Each structure stands twice: as C-alpha cells, then as structure tokens.
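Undergrad: Below, each chain spelled out in residue letters.
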Amino acid sequence: MPTQMAASLCTTFSPSTSKGVSLTVARECGQLVFLEGLKSSVDVFFRAQAEPHPLQFLREANAENLQPLYEFVREALKPVDDGEAAWRCPVLLVDDLSVLLSLGMGAVAVLDFIHYCRATVCWERKGNIVALVHDSGDTEDEENNILLNGLSHQSHLILRAEGLATGFCRDVHGQLRILWRTPSQPTTQRDWSLTYQYKIQDKSVSFFAKGMSPAVL
Amino acid sequence: MESVLALRGLVLLRDSVEWEGRSLLKALIKKAALGLVYYDLFRDPLNWAQTGEALPGGPLGALQAMCERTDPGPVTVALDSLSWLLLRLPCAALCQALCAMSRQHACRGGGPAAEQLCVLGLLHRELHGPGPMGALSSLAQAEVTLSGTAGQASAHMLRRRPRQRPTLETLWFSVLPDLSLDLQGGPPLESQPHPDPHTPQVDPASHLTFNLHLSKREREAKDSLTLPFQFSSEKQQALLRPGPSPATSRIFYEPDAFDDLDPEDPDGDLDV
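Read top to bottom, the protein sequences are chains V and U.
Quick note on numbering: the UniProt record's numbering labels position 122 of the first sequence as 122, and the sequence is numbered without any gaps.
Quick note on numbering: the UniProt record's numbering labels position 136 of the second sequence as 136, and the sequence is numbered without any gaps.
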C-alpha cells in the first residue's frame, strides 16, 4: 500500500518564489524566520515557566490550543522597527501538522491554529501558507482524517503526492495530483484537477505527464 | 436555483473537498442580499486577541444575538460554516440552537416560523460522522448536495414539505467570477454516450463458419425433449407402477482365471 502525503496551500504560490532558494542564506539575510521544533522543544523544559514559549503545549497536561505558537508567527511577521521594509507577501511553511497531532494536540486545535494563521498571513498580510499533512490511509485514525479534511476545506489548492499504484520505480518516484478548489476562471470545461508524475533530483524535482518519463520514452 | 432562496427553515449546503460549496453560498447570498449584514467572525472567532469586541457566548452566542437584532420579517442567515460549529459544539446543543433561532424569530415576527427565517448552512460532508449529519438532515427542510462530473458542478436538491412527498431535483451550474449563477441544462455532452441511430444492427451469427441456427424440425425436437432430471408426472407414474420383471435386465459375466468366485455370501456372518 503506497504511503500518501497531502500538502495543502491556502493561496496560490507567489510567482516571485524561485527554484533552489538557499534557506541558510535567507536566514542569514533576515529573510527567513525559522523555528526548529526539535531544538525548541528541549528549550521548553529548561525555561522558567512564566516565560511564554511557542511550544508551550508540550509542558501543559491539557493544552487546549496553540495560541502561543500562533503568537510566535504573528510576532515574526511584524515589521522591524528600524525602518526596514515590512514583510511583503510572506509565506508561512509548516512542516508538518501531523506531528502536532502526535504530540497530543487535537485536530480542532490544529485547525484553529491554521485558521488564525490564515487570518494573519493570508488576509492581513496578503501572503501564502504551505502546510504539509500526512495521510496514512488509515480510515480509523479519526483525528488525522478530521485534520486532513478540515485543512482541505480551508485550502485553495491541494497537492496530493502519492506513490505509483504499480509499485517502486527507479525513474518515477511518485505521482502528484493538483486540485483547485476555488477556480479563478470557471468555464464549462476546465481542469479541476491535473495529475503529473515526478522524479526527485538532487535539489529540484522534475515533472512530466503520466507515462512520459524520459526514462521510458 | 432561485427556488433555494424561496425555501424557509434550515437549508443544508453539503459540499466535499472535490466540489466546494463556498462559491455557491456566496452566489446565493448575493442573490438574496436586500440589506446584507455581515458578522465577521473570521479574524478572531475564539477571542484570542482579547480586544473586548467579542460577543458573549462565543460564535453560538453571536448567532443567537444575530437573530435577536434583526427586524421581524423574512430573513436569510448564511453560515460559513455549520461544520465549524459542529466540530466545536455538541451536536445536540447546535440542533437546539438552530431550532430556538427559528422559534424566536417567529415569536417576534408574529408569523409561522416556516415563513420567516431561512438558515443556509454550509456543511462539509467528510468532516462529520453519520450521527451528526443525520441529526442535521432531520432538522433541515432542504438539502443541496454538491457533486459533479467532467469538470461540471451539479446540485442535487432534496426538498421536504409538510404532508407532501420529498422532491428531488438536479441542476448543473457554475459560479462566475462576479458571483452570479450560470445554470446549464445538463451535464456536458462528452460524458453522455449517444447510441448512433444510423448504424445498422449487425447480426453476430451471420458470418460464422459453423451453424448456430436451428431448422424448424430441429426446434420442434428440442422443445419436445424431456430433460432427464426433470420430475414430470409421467415419470412419477412410471416409478409408482411396478416395474418390469428383473429378467429383462441381466448382467452377463465371464469370470477369468484370476477370479475367486466364492458362492458364500461374505456378509453372511452379519446379523443384519
């Protein structure tokens, strides 16, 4: 059974995003604010309890919401005081939301977090959100299904990456199904969804139509 | 689709991930808007900002307050979405609130509830189990289920009227960028297989090298044949009648050199 992953976009990609962006360089230039969950989770336990921390829910037995994490995102987007340009069309990348479920948060709490992020990043700042959710195909995992479907309904664009139905292939790593949820130009015959196959390379991905991999042509 | 706006009571707009319903809800709001009042709960539904502007009772309280503020008379309330409320509130509380809304409005308007208030609720099918969906369905006067084929969206409208049979109607539509509704007559033609009336029906048995047809005599012989295991009345009589003497059927056996014919009955010592 191929593992499926679903990635949801809240608005379409900003066209100024170029391929092969070096995140390390962007971080050094101040273009990227990076919260590394694994490292920060250790800090939570060594900080004084009164100090707020984005991952505070790890400390609380009954954390009801992810408001501290949302406050971190909101603070990161505030314009810098020394006269530099404010964030223009910011992009929030979340990798990944299924981890929050594994850490004990409920699906509704994660959906509320994304809702507030949408209000700030997409509506207020005219930016985009790219969030990753895993779909294990387990219909009995109710929380994950609520998160996956709830997020899908909040999204404008859904990218569903899955393995090939025929099994492993060296030259074709998987299939990507693109689903538009709010068409900008509805016509009677439009493509609500497209399917491509892809191969992951060193620092990029190459896409091709189904059955049109260069390896088989 | 105008008939949806003429509905009163709870109208469920059931959409799915593949066929979203928010555009249709906005189109219906645009059609119905005579004096549109917009309650923005998008920015801060849970009062995280603590601005002090939030209505008491959360979103459900806001819903109830909304109905109390409107003038008596026909009113359309659009909820985006009922699923949001259903995920955060117990199903029974939401159902009671929806019933109470129509009763309150009726009391103030002086007319029967069914004629005063229309609640258009967007409901995402995949998010809820059969229990809550069934409970809301039982409260609804109409359900519009969105689906589609070949890139064309369709709305299946189920209307329940008191003392009448429920009616089902299917409409094909699209929502234009200015939120106006474009109704189509039916699904796109490419999806419907049309049998070509000009193609003559070809007899598949006409050009074979063997004969599949029966002559008249052969057909009669076939029809008059009695199947061996068919228990007819003639067979029943033949079995009941004493059969012919055993002398008519005999077995002739020539023993060879290896046979050991022992006239004694091997089962003679059994007391059967």
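Calculated from the structure, these hints are not laboratory results.
Check each hint, because a few of them may be wrong.
Restricting the straight-line Cα-Cα distance to at most 30 Å, the calculated cross-link-like pairs of lysine-lysine (DSBU-like) are [to be verified]:
{"no.": "1", "chain 1": "U", "residue 1": "K31", "chain 2": "V", "residue 2": "K126"}
{"no.": "2", "chain 1": "V", "residue 1": "K210", "chain 2": "V", "residue 2": "K199"}
{"no.": "3", "chain 1": "U", "residue 1": "K235", "chain 2": "U", "residue 2": "K216"}
{"no.": "4", "chain 1": "U", "residue 1": "K222", "chain 2": "U", "residue 2": "K235"}
{"no.": "5", "chain 1": "V", "residue 1": "K78", "chain 2": "V", "residue 2": "K39"}
{"no.": "6", "chain 1": "U", "residue 1": "K30", "chain 2": "V", "residue 2": "K126"}
{"no.": "7", "chain 1": "V", "residue 1": "K126", "chain 2": "U", "residue 2": "K26"}
{"no.": "8", "chain 1": "V", "residue 1": "K126", "chain 2": "V", "residue 2": "K78"}
{"no.": "9", "chain 1": "V", "residue 1": "K39", "chain 2": "V", "residue 2": "K203"}
Owing to the predicted nature of the structure, the values given are computational and were not obtained by experimental measurement.
Undergrad: Indicate, hint by hint, whether the structure satisfies it.
TA: Cross-check of the supplied hints:
no. : hint            : in the structure
1   : U/K31 x V/K126  : 28 Å, holds
2   : V/K210 x V/K199 : 12 Å, holds
3   : U/K235 x U/K216 : 28 Å, holds
4   : U/K222 x U/K235 : 19 Å, holds
5   : V/K78 x V/K39   : 24 Å, holds
6   : U/K30 x V/K126  : 24 Å, holds
7   : V/K126 x U/K26  : 21 Å, holds
8   : V/K126 x V/K78  : 13 Å, holds
9   : V/K39 x V/K203  : 25 Å, holds
In summary, this structure violates none of the numbered hints.
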